[in-house]
Amino acid sequence: MEGFFQALAAGLLIGAVYGLMCVGLGLIFGVMRVINFAHGDFMMLGMYTAFYLFTAAGVQATFGNTVGPFVAILLAGPVLAVFGYFVHRALISHVSGTRTASLEGEGHYAQLILTLGIALILQNGGLIVFGSVLASIRTPLSSSAWELGPFFDMSIFLNKARSIDMVVSLAIMILLSLLITRTRIGKSLRAAADNPTAATYMGIDVDRAHRTAFALGCGITAIAGGLLATNYPFHPFVGLEYVIVMYAGVVLGGMGSIIGAFWGGMTIGLVQQMSTLILPTQLQNAAIFAVFLLIIFFRPQGFFGRMVERT
Amino acid sequence: MLRIEGLSAGYSAKPVLNDVSINVGAGEFVAIVGPNGAGKTTLFKTISGIVKPSGGAITFDGVDLLAVPPPQRAHLGIAHVPEGRQVFPSLTVMENLEMGAMTESGRRDWQANIERIFEWLPVLKERRDQFAGTMSGGQQQMLAIGRGLASSPKLLMLDEPSMGLAPSTADFIFERLIEIRRQAGLTMLLVEQRVAEALESADHGYVLEAGHVVLQGNNATLRADDRVRKAYLGM
Chain A
1005 MEGFFQALAA GLLIGAVYGL MCVGLGLIFG VMRVINFAHG DFMMLGMYTA
1055 FYLFTAAGVQ ATFGNTVGPF VAILLAGPVL AVFGYFVHRA LISHVSGTRT
1105 ASLEGEGHYA QLILTLGIAL ILQNGGLIVF GSVLASIRTP LSSSAWELGP
1155 FFDMSIFLNK ARSIDMVVSL AIMILLSLLI TRTRIGKSLR AAADNPTAAT
1205 YMGIDVDRAH RTAFALGCGI TAIAGGLLAT NYPFHPFVGL EYVIVMYAGV
1255 VLGGMGSIIG AFWGGMTIGL VQQMSTLILP TQLQNAAIFA VFLLIIFFRP
1305 QGFFGRMVER T
Chain B
425 MLRIEGLSAG YSAKPVLNDV SINVGAGEFV AIVGPNGAGK TTLFKTISGI
475 VKPSGGAITF DGVDLLAVPP PQRAHLGIAH VPEGRQVFPS LTVMENLEMG
525 AMTESGRRDW QANIERIFEW LPVLKERRDQ FAGTMSGGQQ QMLAIGRGLA
575 SSPKLLMLDE PSMGLAPSTA DFIFERLIEI RRQAGLTMLL VEQRVAEALE
625 SADHGYVLEA GHVVLQGNNA TLRADDRVRK AYLGM
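Line by line, the protein sequences give chains A and B. Quick note: the first sequence uses my numbering, first residue 1005, plus one each step. Quick note: the second sequence uses my numbering, first residue 425, plus one each step.
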């Protein structure tokens, strides 16, 4: 019983961060309909950015070992957003948006090849620049825990770093939902996603909306990556490990649903942690995909997806 | 206000519009009628910038429209109510109207506009918090019109507002349009397959066939024309 609740708590903590990571990808897919294979590698860049901001750029010296990592992680968001903005401007915009609206397959073939190419460049470029040694953003919080309880003779231990990760994830998620549902920019992003042509008729610059979504998506996933890096060591090819989880989360949540992507990621975190109760750790990913297939079998549109295609 | 001169446009190599010239004066209600595939929707898409023309010129209020990037054209005062309604399905009625009011004038006049739109099309007020995608075709058409009006347009372009609607609904929408125009003094450019209704209320009409303007005139001339009577009015 104690093991069950411990796994549930661990699943919720990691699930919130996975959720945030999936939202970054879900935002890009939802607004632009571009399948970004390089998204895991943008996250890898986010991890290294947070790492170097912390260790080399003086964040550690200024904010110390406890607060410092989280400051660096939050700063990595805007850095990657700017990077994403320019990647979109220089590369992605040539194969997406209004330029390809009239092309066969809406430019999806070119998008696949381009984002795969970006992924390869980032991975191997990362290997050259950062080296192959495992890096990690260590904070004293990573190896200490809060004790909840005891309730009925059992207590649950919450890793401090992961708990703060979850709080940061939820805060960003709430801010993003407010941005998407309440603000003019958010509404125009949704309009551009629903119907790019009609959005143009309204005077919305669809390409600019795409650029905003891409930058936001990169920034959000970079922060999620930094949060993961407080507990998991990383390397230049780490994106490959996570990009699969990201796609599973986005599909589970329902393609095109931004909030759904969060719950998709949450589900994956829960399944991953709960599976350790009955399966060896090596089978975590197998468990994720068994549950994934099961959910998709019964609900092919995902949690929040709609069966109707956009007009 | 809108002057189209010698416009040719098409998709890839296939021309859809051939040397089309159309003039819409301020305050006028101009109807373009013609059979399916005549190029009516392509004409509207070219005005809005979704289709690039291969020749000709479009000026709006003295501005060379073809030099204006497509998303900027709405800001000049052109509201396009597209074929098939094309409301934003996952946005609420109110949010759809807000998207219509992205232009500067739409933002400035938002309060007054929204009151007038709700008065003209009360169903939008009743359903203001409903997702547009869950409404009926007729309601979506009214929303599309309301969304166009929310921008405080100088020119309202309507692409087949009766398409796919029950005749009684289409009649109702037509009446509303006439009433809106009477009260607001809007300049309107209408594309329609319901030729009789369109020509009855328009000041001026154009008949577009296979990408050419084959006939034009004021409504009396057109309705008296033998070809129009035979081909479109069934007389």
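A portion of the hints provided could be inaccurate.
One-sided excerpt, in silico: chain B residues whose CB lies under 10 angstroms from chain A [what the hints assert, rightly or not]:
id: 1; residue: K469
id: 2; residue: L490
id: 3; residue: P493
id: 4; residue: Q496
id: 5; residue: H504
id: 6; residue: V505
id: 7; residue: R509
id: 8; residue: N520
id: 9; residue: T527
id: 10; residue: D553
id: 11; residue: G557
id: 12; residue: R571
id: 13; residue: G572
id: 14; residue: S575
Hint data in this document are derived by calculation from the structure and do not stem from the laboratory. In this text, a Cβ means the ideal position worked out from N, Cα and C, and glycines have one as well.
Results of checking the hints against the structure:
The restraint placing K469/B at the interface with chain A holds, with a minimum CB-CB distance near 8 angstroms, inside the 10 angstroms limit. Because the smallest distance between the Cβ of L490/B and any Cβ of chain A comes to about 15 angstroms, over 10 angstroms, the interface hint for this residue is violated. The criterion of a C-beta within 10 angstroms of any C-beta in chain A is met by P493/B, whose closest approach is roughly 8 angstroms, and the hint holds. About 7 angstroms separates the beta-carbon of Q496/B from the nearest beta-carbon of chain A, less than 10 angstroms, and the hint is met.
Interface hint status for H504/B: upheld, as the beta-carbon distance to the closest one in chain A is roughly 4 angstroms, under 10 angstroms. The closest approach between the C-beta of V505/B and any C-beta of chain A is roughly 8 angstroms, which is under the 10 angstroms cut-off, so the hint is satisfied. The beta carbon of R509/B comes within 8 angstroms of a beta carbon in chain A, closer than 10 angstroms, and the hint placing it at the interface holds. The interface hint given for N520/B is met, as the beta carbon of that residue sits about 8 angstroms from the closest beta carbon of chain A, less than 10 angstroms.
A cut of 10 angstroms between beta carbons decides the hint on T527/B: the least distance to chain A is about 5 angstroms, and the hint holds. Here the hint on D553/B is broken, as its CB sits about 13 angstroms from the closest CB of chain A, past 10 angstroms. Interface restraint check: G557/B against chain A, minimum CB-CB distance 7 angstroms, threshold 10 angstroms, status holds. Hint on R571/B holds. Least Cβ distance to chain A is approximately 7 angstroms, under the 10 angstroms limit.
Annotation: G572/B was flagged as interfacial toward chain A, and the flag holds, the nearest CB pair being 8 angstroms apart, inside 10 angstroms. A cut of 10 angstroms between beta carbons decides the hint on S575/B: the least distance to chain A is about 7 angstroms, and the hint holds.
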